[in-house]
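Listed here are the chains, written in short residue letters.
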Amino acid sequence: MSSGCRSALVAVALLALADCSASARELRICADPNNLPFSNDRLEGFENKIIDLIAHELDAAVQYTWRAQRRGFIRNTLGAKTCDLTAGSVASLPMLKFTKSYYRSTYVFVGRRDLPEITSLDDPALRTLKIGVHLIGDDGFNVPPAHALARRGIIENVRGYSLYGDYREQNPPADLIKAVAVGEIDVAIAWGPLGGYFAARQSPPLRVTPVVPALDGLLPMTFAIAMGVRRDDEALQHEIEAVLARRRSDIDAILSSYHVPLVQAPQTAAGPAP
Amino acid sequence: MLGRISSRLCCMLILCAFPLAAAPGESSLPAPPTSAAPPDDGQWRMPAKNFASTRFSDLTEINTDNVKNLQVAFNFSTGVNKGHEAAPLVVGSTMYIVSPYPNILYALDLAQPGAPMKWKYEPKPEPAAQGVACCDVVNRGAAYSVGRIYFNTLDNMTIAVDAESGKEIWRTKLGSINRGETMTMAPLVVKDKVLVGNSGGEYGVRGWVIALDAKTGIQKWKAYSTGPDVDVLIRPDFKPFYDSDKGKNLGVTSWPPNAWQQGGGTVWGWISYDPDLNLIYHGTANPGPWNHEQRPGDNKWTAGIFARDADTGQARWFYQFTPHDIHDWDGINEIILLDMEWKGQARKVLVRPERNAFLYVIDRTNGEVLSAEPFAYTNSATGVDLKTGRLQVNADKEPKLNRTIRDICPTAPGAKDWNPSAYSPRTGLLYIPHNNLCMDWQSLEANYIAGTPYVGAEVKMKPGPGGNRGEFSAWDVQNARKRWSIKENFPVWSGVVATAGNVVFYGTMEGWFKAVHAETGELLWQFKTGSGIIGQPITYRGPDGHQYVAVLSGVGGWSGAIVAGDLDPRDGTAALGFVNAMADLKQATTKGGSLYVFRLP
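Line by line, the protein sequences are chains S and C. Quick note on numbering: the working numbering labels position 251 of the first sequence as 251, and the sequence is numbered without any gaps. Quick note on numbering: the working numbering labels position 387 of the second sequence as 1387, and the sequence is numbered without any gaps.
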């Protein structure tokens, strides 16, 4: 009797809490519902986890607007004011205002552990191995490693995997990493967070090695990633920035649990700092 | 202001007086074959008016003297705020219009005052088509044949609807938006087949054209634009004119291994048909999605034109306007079929104002290029070698990553994009709506999509020489030269209709609907519609026996994305760099789709 009464009290208290947070602040996030390790609508991505952490700090409830992160994503989400914050983007897009970057990752080689490790774009093995890269297709531009290979005359043995894939399938960009695991290609060059996450999930897990040089001529292989808000939303920018700084170590722990390769900004063309 | 324009046009008229006077009699002007352009019945049953794609009407009630009196007969809101690129159709006493996504088909009763709606048919395309699909949500129109209206939806349905009742007869799914494929073109119905093609080259889609059985919607044949000969429908009776198009499986061997599988060459533009030769003609879009450095080779059969057997789809010849395209120059523009005298010989030709700024006259029996002269400013190519058929490119203006190149002309939408010109057999002139745009290709710019950063060049489009972004030109087909042209502030993204009354109609992105003199280009009348015009005007004889002119107003499309898509004018590289050239369009017009129909009082 008394225990039943206690749980009823707890329920009332929880209800009150829920009520409280509902009437309080809402953190409106724009995100892709089908793109791990970044985000999905089952809230399994590292961006989902970091957003939860921020929401907790701001005492806010999270509300998502889902849309495939493709051409028109920003226009139709932040731009249409259906949400206010995107958890990840390169910080130089002119459409948005960005926080200070909260991580920097790198393009990586993803290969099987029973094959020799590729560590550099200048490895002679790249002239004969079957290499997979993502195809962007927006305006005919490609991922930087693909441009870097073309500059070296490596074209015939490069296979393109659509970054968009078939959106009915789960996490369509992951096809590139699965292609390494099943031996369709010898090595993939993928963006770090995606490469790290899906390499760890193959059996046996694949080897992940940062691409060197980190700056290939003018082509960067590393990018700083930040959170973005509308250009007139400086208040939110500052607030998020402060939380990101305050919870730095927790964020690093989340990124590391998702196997996101983290690097420092390259100082020279010689290679990335560790 | 208007007075000054008139006096300038007067000067032009004087300059042109000699060739006009010297021109031989009307009978020797290039003319469409009667089989492809039968005598006008006052209806408008397909977007191009006829199989020869002249977009010319024999109606003469509206002429150069009285056009100034045109007034609105009625208008009709489509309720859709995206770019309206379609041509209305008129069959009997009914007008049909198809809207951009969600692709609503309306039937209006022209026999009733105010043309009330008879019915509407809503195909309800998947809403996801907007987010997952590439590019835009436009639709370029429907086609009528034997009691049915045929049209495509953004989510890859071809649909047949009963023209009288508005009831769906069949629908056939031809592609997947989840793979970036869409359909935006207007079908062409040839005999018992509905010809349709796909869009979405930007997403690595492989281009195709499909013939569906008009009765049932069942696929009769499918021809890809890349890959092995068997897929492209190439057999030994394929006889291209130039050596560079001869050889086995060029759709595979002119690419790096496997790249043809995602090679583009979509078929999102216009198809023409010659009943005498029983050939259809269709263009293919640009190669993709690799950057051009990663796809060395001619990338067959992209950025070119096919002649195919209308019954079997088998290819008869092919010509490539832009081998190994590096500019995004889709070869999908309109194809006008004419018979003309060329160097003393009667030739069956097709005329194509191409994105690469050259106006091609091609023998449509065999694919030989008879002439290719620039109709717009270009510094990217110096000409076309008539011996080899090869475009002569200027290497200094080739976009290359890591290089800053100023003033590359024309730009990605080309000297002229999809919006079709009209040909008048009375004047021998092709009326071409087109662009005058150049671009600066600047240093690397980082971008981010689907969780992945990548680099591209920062592309900024800007007005070409003269400072105007658009132009409306009259091209003398027989003499292969420009007769007159009108500068427009914005790119001219509308279609054109020419009439036997010697009046030519087109629209501007500010929303002006204009009538000009077919011989001189003199502005005779204009009317400001509610939004920018990117639709295709038509003219028809109404149930009351009088001539009407109709056009859809509603800005959008690639050039108008800044308004229809609410793009940020401060982001000059949005819409693939087009926004930089269109920053002031938001001050000039607002979105909203409406039909406008005009008549004499």
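Source of the hints: derived by calculation from the structure; they are not laboratory data. Please read these numbers as outputs of a predicted model, since none were measured by experiment. Be careful, since some hints might not be right.
[To be verified] Straight line, CA to CA, 30 Å or less: simulated DSSO-like cross-link-like pairs of lysine-lysine:
(1) S/Lys-100 with C/Lys-1460
(2) S/Lys-81 with S/Lys-49
(3) S/Lys-130 with S/Lys-49
(4) C/Lys-1191 with S/Lys-97
(5) C/Lys-1191 with S/Lys-81
(6) C/Lys-1586 with S/Lys-97
(7) C/Lys-1191 with C/Lys-1343
Hints versus structure:
no., hint, result
1, S/Lys-100 with C/Lys-1460, "holds (27 Å)"
2, S/Lys-81 with S/Lys-49, "holds (23 Å)"
3, S/Lys-130 with S/Lys-49, "violated (36 Å)"
4, C/Lys-1191 with S/Lys-97, "violated (57 Å)"
5, C/Lys-1191 with S/Lys-81, "violated (50 Å)"
6, C/Lys-1586 with S/Lys-97, "holds (22 Å)"
7, C/Lys-1191 with C/Lys-1343, "violated (34 Å)"
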